[in-house]
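Asker: Each chain is listed here by its residues.
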Amino acid sequence: MSISEVQTPHTFERRPLRLGTLVRTALLYGVLSVVALLVLLPLLFALSLSLQGPTIAPTLLPDFSKLDWSSFGQVFREEPNLTRWIVNSFVVSLAVTLGQLITSSLAAYALANINFPGKIAFFFFFLGTVMIPWEATIIPNYLAVTRLGWKDSYQGLIAPFLPAALAFSCSGSTF
Amino acid sequence: MSMKPGAQERAQVGSQALPAPAAGAVVLPDAAKAAAKRKQQWKEFGRALLFMSPAIVFLIAFTYIPFLRSIWLSFFVTTPQGATARFNGINYYTRIFNLDGSGRTEYLKSIATTVYFSILVVPLGIIFALALALFATIKVKAIAVFRTIFTSSIAISVASASVIWALIYSPATKATQWLIEVLHLSSGSLLQDSRTALFAVAFMTTWTALGFNFIVTLSGLQAIPEDVYESAQIDGATSWTSFRFITLPLLTPTLLFLILINTIQSFHAFTQFNVLIGNEGPDNATDVFVFAIFTSFWKDNRYGFASAMSVVLFLILLVLTFIQFRLLDRRVHYQ
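Taken in sequence, the protein lines are chains A and B. Its first residue numbered 862, the first sequence is counted upward by one per residue in the working numbering. Its first residue numbered 2, the second sequence is counted upward by one per residue in the working numbering.
Hints were generated in silico from the structure; no laboratory data involved. Please read these numbers as outputs of a predicted model, since none were measured by experiment. Treat the hints with care, since some could be wrong.
For lysine-lysine, the following PhoX-like pairs were computed, each having C-alpha atoms within a straight-line distance of at most 25 Å [what the hints assert, rightly or not]:
{"no.": "1", "chain 1": "B", "residue 1": "K38", "chain 2": "A", "residue 2": "K927"}
{"no.": "2", "chain 1": "B", "residue 1": "K300", "chain 2": "A", "residue 2": "K980"}
{"no.": "3", "chain 1": "A", "residue 1": "K980", "chain 2": "B", "residue 2": "K44"}
{"no.": "4", "chain 1": "B", "residue 1": "K44", "chain 2": "B", "residue 2": "K34"}
{"no.": "5", "chain 1": "A", "residue 1": "K1012", "chain 2": "B", "residue 2": "K300"}
Build out the structure end to end from the sequences listed, making use of the hints.
Answerer: Quick look at the structure:
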């Protein structure tokens, strides 16, 4: 008890910075930086490769005196569809997210705030979809999308994935 | 029937909206009361159904019907257009499990490869995440920066990560040349040798999952109250003993969750195999089950057979989840 009384926050703050704590902090930052570097290594490696220009013998580190940024412009020039692909990703993910938000929040509202007979059955109806892996539905979905003529279209990419995250949001707001 | 406070209020408001007996009037007989109550219940049911209908329509159309159709298709030989051609009974299932006496075990082997893959990925991923999370609890000022860096792989899709690691493993970049020399491999790449290919993909997968595993573990660590450690310290606990007897037991719910999610994900793993290996791989060493499904679905157009495999995968995942819940639930310490 007496020990904790001596080390009140007030006296602790007033203590001058000692060399020991300084070295310790520097050491901790050093360790954290090494760990962070290890985690980022694959990304940094890819970045390093992208800055070395066309070479058949890339090295781990680029030559920092002549960094070659031309690859980034080149990729858009040589692959004119790239912008279209990026737009596609945005359209599909935006539509799927919005669709999931709307359908699942409506259903979750009913489950959370309305008291109706058969609620438990509906809850398990939604939760049961978590147990079905996408591999078990992708083949009939693919065949259905083909039959509808939706192949190579936005609706073909969006519609089958609209209800995916549903059960999670339902369970989240119900319990 | 449990009701939330809000629902209860609304339900009462609803019942007041019904024609209420005037003050001093004779109390309604029980039968009439019950009828009114039933009418009220049906009204609530209709309202709830209205809210749930978009979700129900989509789930039936794109999850439940396709799932039932997968089961249906798995008993048929199909045309390349996906129509059923001939009833096949359970032949596809006996073929997968080598019960037809043909001695062809490639599908049983691919299940074994998948199990081996998840045995590599799950413990490795959780150990890395736990170590990172412990580093992220170091009390220095700029710790938020390091936490952001440790989480960064969550922002990279499996496909992009696979391309990055394809560069790392590529013999052209020579980034893993030292490892090939240390292990005395004869092939030019870790991915081309049947002894290292699966391990290489597993290591790449742990890196991809690191961000998610890290952030979940860290939130689990931060949920442990500080005073537990303080009182242990007063009792003379070293940092190892407080990790062993406080952190680990109190973290088990989090770790159980991660084991479950990671096992299921490793059974689903496909993208990295498609990008890094792209084919059956060296001596079928990387032929995981989902890749076998993909091959018979996409390359061979054998929809019936692919459906049978996906039903098997569904059953495996169902059993796995059940076993893990039963086994690990007993050892979990909830505070």
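Asker: Are K38 (chain B) and K927 (chain A) close enough, with their CA atoms no more than 25 Å apart?
Answerer: Violated, at about 81 Å.
Asker: Just to be careful, I want the Cα atoms of K1012 (chain A) and K300 (chain B) compared with a cutoff of 25 Å; is the pair within it?
Answerer: Satisfied, since the Cα-Cα distance of roughly 17 Å is no more than 25 Å.
Asker: Assess, step by step, whether the Cα of K300 (chain B) is no farther than 25 Å from the Cα of K980 (chain A), and give holds or violated.
Answerer: The given pair, whose Cα atoms are some 43 Å apart, is violated under the 25 Å limit.
Asker: So if I understand the rule, the pair passes when the alpha-carbon distance is 25 Å or less; does K44 (chain B) with K34 (chain B) pass?
Answerer: holds (15 Å)
Asker: Holds or violated: K980 (chain A) and K44 (chain B), Cα atoms, limit 25 Å.
Answerer: Roughly 14 Å separates the two Cα atoms, so the pair holds.
This entry does not satisfy hints 1, 2, going by the numbered hints stated previously.
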